[in-house]
Amino acid sequence: EDQVTQSPEALRLQEGESSSLNCSYTVSGLRGLFWYRQDPGKGPEFLFTLYSAGEEKEKERLKATLTKKESFLHITAPKPEDSATYLCAVFGQGAQKLVFGQGTRLTINP
Amino acid sequence: KAGVTQTPRYLIKTRGQQVTLSCSPISGHRSVSWYQQTPGQGLQFLFEYFSETQRNKGNFPGRFSGRQFSNSRSEMNVSTLELGDSALYLCASSAGTGPYEQYFGPGTRLTVT
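Chains A and B supply the protein sequences, listed in that same order.
The working numbering puts the first residue of the first sequence at 1, with every later residue one more than the last.
The working numbering puts the first residue of the second sequence at 1, with every later residue one more than the last.
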């Protein structure tokens with residue numbers, strides 16, 4: 001069974017304080033790893049897809065990386081508007097569906 | 001391009017009733033997936049429809065069902081509602097079935113009393 005574990009559950013940073021969120025996974029034949037951002041009361045917003053180990057993608061202050069066992073979402077010099085829950089999901093060859101982690105709730109204080 | 005729309009946005013139902021939720025995907029998208037989100041279980045996959053056919057199903061009881069129409073719009077139905085069905089129900093559309101990016105709607109907040 002595909003599984004995704006995200007850590008930490010919650011993270012509080014000061015504005016400008018860079019950090020990383022972790023997504024560890026076990027999956028039968030990874031076909032894609034996805035990062036989403038979710039604001040309270042809204043649906044998840046797509047950020048990145050990573051398909052193979054060693055791949056990296058960037059968007060503004062966010063950078064996602066992938067290894068064979070985990071993915072990291074690096075946040076550089078965050079701003080208060082980056083506060084949200086960040087969700088990681090995997091799509092495996094066996095399950096053929098997105099399996100989500102519980103998310104990391106990120107708070108950036110001004 | 002218009003995003004995924006879901007109606008209604010909020011619903012309050014009584015235990016034992018049934019409910020139908022609607023989802024309109026992004027124009028051109030043929031795959032629609034449904035998810036249930038609760039604080040305890042997180043985001044859980046319900047089912048996926050592609051070209052009017054159910055392609056995959058999650059581990060939910062038969063009270064949860066869905067369908068897709070020829071214009072790719074989708075509905076999900078929950079019969080004999082239970083208190084534990086209270087959740088945010090999210091619909092996501094993608095260009096195809098498989099590891100494509102899925103774009104989520106705002107969700108329908110269902111409260112069962």
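One or more hints might be untrue.
[To be verified] Dumping the calculated EDC-like pairs for lysine to aspartate or glutamate here, alpha-carbon to alpha-carbon at most 20 Å:
| id | chain 1 | residue 1 | chain 2 | residue 2 |
| --- | --- | --- | --- | --- |
| 1 | A | Lys59 | B | Glu101 |
| 2 | A | Lys69 | A | Asp2 |
| 3 | A | Lys57 | B | Glu52 |
| 4 | A | Lys42 | B | Glu52 |
| 5 | A | Lys59 | A | Glu45 |
| 6 | A | Lys63 | A | Glu81 |
| 7 | B | Lys57 | A | Glu15 |
| 8 | A | Lys57 | A | Glu45 |
| 9 | A | Lys42 | A | Glu1 |
| 10 | A | Lys79 | A | Glu1 |
| 11 | A | Lys63 | A | Glu15 |
| 12 | A | Lys69 | A | Asp82 |
| 13 | A | Lys79 | A | Glu55 |
| 14 | A | Lys69 | A | Glu9 |
| 15 | A | Lys42 | A | Glu15 |
| 16 | A | Lys63 | B | Glu101 |
| 17 | B | Lys57 | A | Asp82 |
| 18 | A | Lys79 | A | Glu15 |
[To be verified] Derived list of chain B stretches under chain A, where covered just means 3 residues or more per stretch with a C-beta under 8 Å from a C-beta of chain A:
| id | region |
| --- | --- |
| 19 | 42-55 |
| 20 | 103-109 |
It is worth saying that the hints were derived from the structure and are not from the lab.
Cβ coordinates follow ideal geometry from the N, Cα and C atoms, glycine included.
**Request:** Compare the distance between the alpha carbons of Lys59/A and Glu101/B with 20 Å, and conclude whether the hinted pair is satisfied.
**Result:** Holds, at roughly 16 Å.
**Request:** Decide if the proposed pair is consistent with the structure: Lys79/A and Glu1/A, CA atoms, cutoff 20 Å inclusive.
**Result:** violated (37 Å)
**Request:** Would you check the hint for Lys63/A and Glu81/A, treating anything up to 20 Å between C-alpha atoms as holding?
**Result:** At roughly 16 Å apart (the allowed maximum being 20 Å), Glu81/A and Lys63/A satisfy the hint.
**Prompt:** Is the Cα-Cα distance between Lys63/A and Glu101/B 20 Å or less?
**Reply:** With a Cα-Cα distance of about 17 Å, the restraint between Lys63/A and Glu101/B holds, given a limit of 20 Å.
**Request:** Compare the distance between the alpha carbons of Lys79/A and Glu55/A with 20 Å, and conclude whether the hinted pair is satisfied.
**Result:** violated (25 Å)
**Message:** Against the 20 Å threshold, does the CA-CA distance of Lys59/A and Glu45/A hold or violate the hint?
**Reply:** Satisfied, since the Cα-Cα distance of roughly 13 Å is no more than 20 Å.
**Message:** Does Glu15/A sit within 20 Å of Lys57/B, going by the straight-line distance between their CA atoms?
**Reply:** violated (42 Å)
**Asked** Straight-line Cα separation of Lys42/A and Glu15/A no greater than 20 Å?
**Response** violated (23 Å)
**Prompt:** Taking 20 Å as the top limit, are the C-alpha atoms of Lys63/A and Glu15/A close enough?
**Reply:** Between Lys63/A and Glu15/A the Cα gap is close to 17 Å, so the pair holds against 20 Å.
**Asked** How does the coverage statement for the region 103-109 of chain B fare against chain A, requiring three or more residues with Cβ below 8 Å from a Cβ of that chain?
**Response** holds (count 5)
**Asked** Is the hinted pair Lys69/A and Asp82/A satisfied, with a Cα-Cα distance of at most 20 Å?
**Response** Judged against 20 Å, a Cα distance of about 26 Å means the pair is violated.
**Message:** Between the alpha carbons of Lys42/A and Glu1/A, is the straight-line distance 20 Å or under?
**Reply:** violated (28 Å)
Of the numbered hints given earlier, the model fails hints 3, 4, 7, 9, 10, 12, 13, 15 and 17; all others are met.
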